[in-house]
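So the chains spell out like this:
There are 2 protein chains.
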Amino acid sequence: MKQNNVLYQHGTLALLVPGLLAGTITMKELLQHGDTGIGTGEGLNGELIILDGVPYQADSFGNVHVVKDDFTMPFANINFAAFKFLTTLENAGPEEFAAAALRGKTNANTFFAVRVKGRFSYVRTRAVVKSEPPFDTLEETAKKQSIFEAHDVEGTLLSYYSPTLFHGAAVAGFHNHFLTNDHSMGGHVLDFKLASGELAIQTFDTLEQHLPVNNSEFMEHDFSQDNVADVISKAE
Amino acid sequence: MKQNNVLYQHGTLALLVPGLLAGTITMKELLQHGDTGIGTGEGLNGELIILDGVPYQADSFGNVHVVKDDFTMPFANINFAAFKFLTTLENAGPEEFAAAALRGKTNANTFFAVRVKGRFSYVRTRAVVKSEPPFDTLEETAKKQSIFEAHDVEGTLLSYYSPTLFHGAAVAGFHNHFLTNDHSMGGHVLDFKLASGELAIQTFDTLEQHLPVNNSEFMEHDFSQDNVADVISKAE
Numbered sequence: 001m002k003q004n005n006v007l008y009q010h011g012t013l014a015l016l017v018p019g020l021l022a023g024t025i026t027m028k029e030l031l032q033h034g035d036t037g038i039g040t041g042e043g044l045n046g047e048l049i050i051l052d053g054v055p056y057q058a059d060s061f062g063n064v065h066v067v068k069d070d071f072t073m074p075f076a077n078i079n080f081a082a083f084k085f086l087t088t089l090e091n092a093g094p095e096e097f098a099a100a101a102l103r104g105k106t107n108a109n110t111f112f113a114v115r116v117k118g119r120f121s122y123v124r125t126r127a128v129v130k131s132e133p134p135f136d137t138l139e140e141t142a143k144k145q146s147i148f149e150a151h152d153v154e155g156t157l158l159s160y161y162s163p164t165l166f167h168g169a170a171v172a173g174f175h176n177h178f179l180t181n182d183h184s185m186g187g188h189v190l191d192f193k194l195a196s197g198e199l200a201i202q203t204f205d206t207l208e209q210h211l212p213v214n215n216s217e218f219m220e221h222d223f224s225q226d227n228v229a230d231v232i233s234k235a236e
Numbered sequence: 001m002k003q004n005n006v007l008y009q010h011g012t013l014a015l016l017v018p019g020l021l022a023g024t025i026t027m028k029e030l031l032q033h034g035d036t037g038i039g040t041g042e043g044l045n046g047e048l049i050i051l052d053g054v055p056y057q058a059d060s061f062g063n064v065h066v067v068k069d070d071f072t073m074p075f076a077n078i079n080f081a082a083f084k085f086l087t088t089l090e091n092a093g094p095e096e097f098a099a100a101a102l103r104g105k106t107n108a109n110t111f112f113a114v115r116v117k118g119r120f121s122y123v124r125t126r127a128v129v130k131s132e133p134p135f136d137t138l139e140e141t142a143k144k145q146s147i148f149e150a151h152d153v154e155g156t157l158l159s160y161y162s163p164t165l166f167h168g169a170a171v172a173g174f175h176n177h178f179l180t181n182d183h184s185m186g187g188h189v190l191d192f193k194l195a196s197g198e199l200a201i202q203t204f205d206t207l208e209q210h211l212p213v214n215n216s217e218f219m220e221h222d223f224s225q226d227n228v229a230d231v232i233s234k235a236e
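As given, the protein sequences belong to chains P and W, one line each in that order.
Using full-length UniProt numbering, read the first sequence as starting at 1 and increasing by one per residue.
Using full-length UniProt numbering, read the second sequence as starting at 1 and increasing by one per residue.
Hints listed in this document are in silico derivations from the structure and should not be mistaken for laboratory results.
It is possible that part of the hints are untrue.
Since copy identity is lost for identical chains, a pair holds within one copy or between any two.
To be verified - Derived SDA-like pairs (lysine to any residue); straight-line CA-CA distance at most 20 Å:
{"hint": "1", "residue 1": "K234", "residue 2": "E139"}
{"hint": "2", "residue 1": "K2", "residue 2": "T206"}
{"hint": "3", "residue 1": "K2", "residue 2": "Q32"}
{"hint": "4", "residue 1": "K105", "residue 2": "M219"}
{"hint": "5", "residue 1": "K105", "residue 2": "Q225"}
{"hint": "6", "residue 1": "K2", "residue 2": "V54"}
{"hint": "7", "residue 1": "K105", "residue 2": "S224"}
{"hint": "8", "residue 1": "K68", "residue 2": "L51"}
{"hint": "9", "residue 1": "K28", "residue 2": "N181"}
{"hint": "10", "residue 1": "K28", "residue 2": "R126"}
{"hint": "11", "residue 1": "K105", "residue 2": "E220"}
{"hint": "12", "residue 1": "K105", "residue 2": "F223"}
{"hint": "13", "residue 1": "K105", "residue 2": "D52"}
{"hint": "14", "residue 1": "K130", "residue 2": "V153"}
{"hint": "15", "residue 1": "K105", "residue 2": "D35"}
Same shape as in the complex, but just chain P (with noise of 0.2 Å):
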C-alpha cells in the first residue's frame, strides 16, 4: 500500500560518522518505500536523488548515471510522493527557502519533504569521492569530494526536514540534494540561488526508522565514542 504519510528511512548518520559505509539495503528494496528520495551508495558512492521512482547517482567525476537494482547503500531517506503546492519563489537562497518551507518558524516537530522545481541562477553541490573498505571514518571520508557548480539551470531541489530531536538519526534541519533537468549535474546541495520556481511540501506523520540489523558491523558497534551529533553537524 502506497501510503503518502510515512517517510522511509533506511540506516542513520550515526552509523557514517564511525565508518560503517557497507550497503545494507538495495535500490531494488528502497524503491518498495517510494518514488522519490535521497541517499548515497555504499563507501559514501555519490549522491543520491531518486525523483518520481528513478534513482540518479551524482558521482565525484561530476556525471550522472541511473543505478541499478542492485545498487546499495548505506543510508537513504524515501516516500510516496504526495506534495502540495505551497508558493513561488523568486530569488531565494537557502534562507529564503527555511523560512518559506517553514512558513516562518524557525523550526517544526515533524518530518516532512520539500520538492523546489524551478529555474536555478546558482546552484553548488558535492560528491564524495567513493571509499573502498575498511573504511574511514565520515570525517575523514568526507574531505576527499569534489565541488560543482552550476549557473542558469531547470532543475528539482528535493529536501527532507527532521525535527531536532531526530538529530543523529537524520540530520535536524533540511538536507537538500539537486538534480538538473537534462540530469547533467546534481549531488548534495551547498549552496543555491532560485531565480523563480514552486514549492511544494509534504508533511509526514510517521519515519519508519529501519536499522541494518543483518550487518554484524552495526550491530557490533560502540557508538559510545563517536562524536556523532558534531561530526554531522560538521560534515552535513
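Put chain W on the given structure of chain P with help from the hints.
Frame of chain P; chain W shown alone:
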C-alpha cells in the same frame, strides 16, 4: 499485516517533558499496531501494559483495570508478539536482567522487547496521579506518584530497549512495566527481584515512529528550551 519486526511508537517521551500530555491516539487505534505494549494515559493517567491484546492500566490508587477502546494516550509502544526464549533467570535483579537481555554487552544498537514471566520475590512499581489540563511539566507531574510494592508474586515484566541514539524519542536503555498474573498489581517498574523465570526476546529492525501531527500544541511547541534528555533520564 502483522509484522513482528516492527516496534510502533506513538508520540515521544520528549513531548511529555513540557507537559504535552493530551491523549492523541485511542486504544482502538493503537491495538491495530500490536498486541503487546506499554504506555500512559492522557495526563499521565496510570501505567499501561498490553498483554495478549488486552490493555491493562495500573492507576495511582493501586487498582488495575482493563481500559476501553476510546481511552487515549500521549505515548505508547506496541508490537505484535513473536518472542523467542533466550534464557532462564534465578535471583535476578535489574542488573542481571540487563546483562542477560544484552547477552553480556553494555548496550545494543537496535530496538528490542523483553518479556520475563515468572515468580518475583519483590517488585516495586509506580503509577503517576492523573493530572488535568492545563498540564504541568513532566518533572512536576511525576512528583505526584504512588509507589507500590509486592512480594512473592507471579507476573510478567515487559521491557522495551531503545538505543542511545534515540534517547529523547524514547528512554535510552530499558523501559519496564509489570503486571501480576492475577491482575492485582502493576505499573512502571522501579525495582524488582525475579526469583525464577523465563526471559524471551524480540528484536526489531524497524521503529515506526508516529507523531501527533494533528495536535496543534505539539506542532507549535518550541522544544529548544526543554532540557529533554536530562529530564527523561531522571523521570524514567
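Checked against the structure, which of the hints given earlier come out wrong? 9, 10, 13, 14, 15
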